[in-house]
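Trainee: Sequence:
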Amino acid sequence: MKKPKPIAQKPVLHHVTFKTTRLQEMIDWYEAVVGCAPNFAFEGAAWTTNDTANHRIAFLTTPGIKDDPDKVAHSGIHHTAFEFGTLQALLDNYERLAEVGILPHICLDHGLTMSFYYVDPDGNSVELQSDNFGNWIHSAHWMQTSPEFAREPIGVEVDPPKLIAALKQGVPQSELLKRSREGEYLPETPGDIRLPA
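According to full-length UniProt numbering, the sequence shown is numbered sequentially starting from 1.
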């Protein structure tokens, strides 16, 4: 591809649209998990949002759409992501969802973010994260310059209940994040990153 001139005004990501065979299940799941409520819906589509935008997550359905039983092994989007303002908010949301049986398929401390990955009703991965630095400029700098990130960019698995327990015992967040990267809060059972070998 020939490189164009530098972009004058950078657009921001506005929304993601999913094709689905489970329209109402998807609407319900995204409302429960990330607070995206429909601004408009009919039997063929829905436009949902969790802020002042007209929509952030949209869904389309037609009789011709078929489920892909091998979705994980095929090319396409691996996940979408939503960010909480603090680690505590992420952990509070984990507990809220766990109470109704919505659990992540894998939880990772990427160094720059603490990230919990869930599966929606169509089998798409959804990341819920918080920035470990509380500042995108600082986390981007760490990502670009850290030998630790260069060695292990995927990160270290974590067990949210262990993180919650440590914070309740008074471990400062900075110390918790250090211990997390050292592997102190590993889960008993490894998660599934949902990538074929």
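To be clear, the hints were calculated from the coordinates, so they are not data collected in a lab.
All C-beta atoms in this analysis are idealised placements derived from N, C-alpha and C, irrespective of residue type, glycine included.
You may find that some hints are simply not true.
As the list claims (entries may be wrong) - Simulated restraints, written as ranges between beta carbons of each label pair: (1) PRO6 / ILE137: 29 to 37 Å; (2) THR145 / ALA73: 14 to 22 Å; (3) PHE40 / SER174: 42 to 50 Å; (4) LEU186 / PHE42: 43 to 51 Å.
Trainee: If you check each hint against the structure, which ones fail?
Mentor: Structure breaks hints 1, 2.
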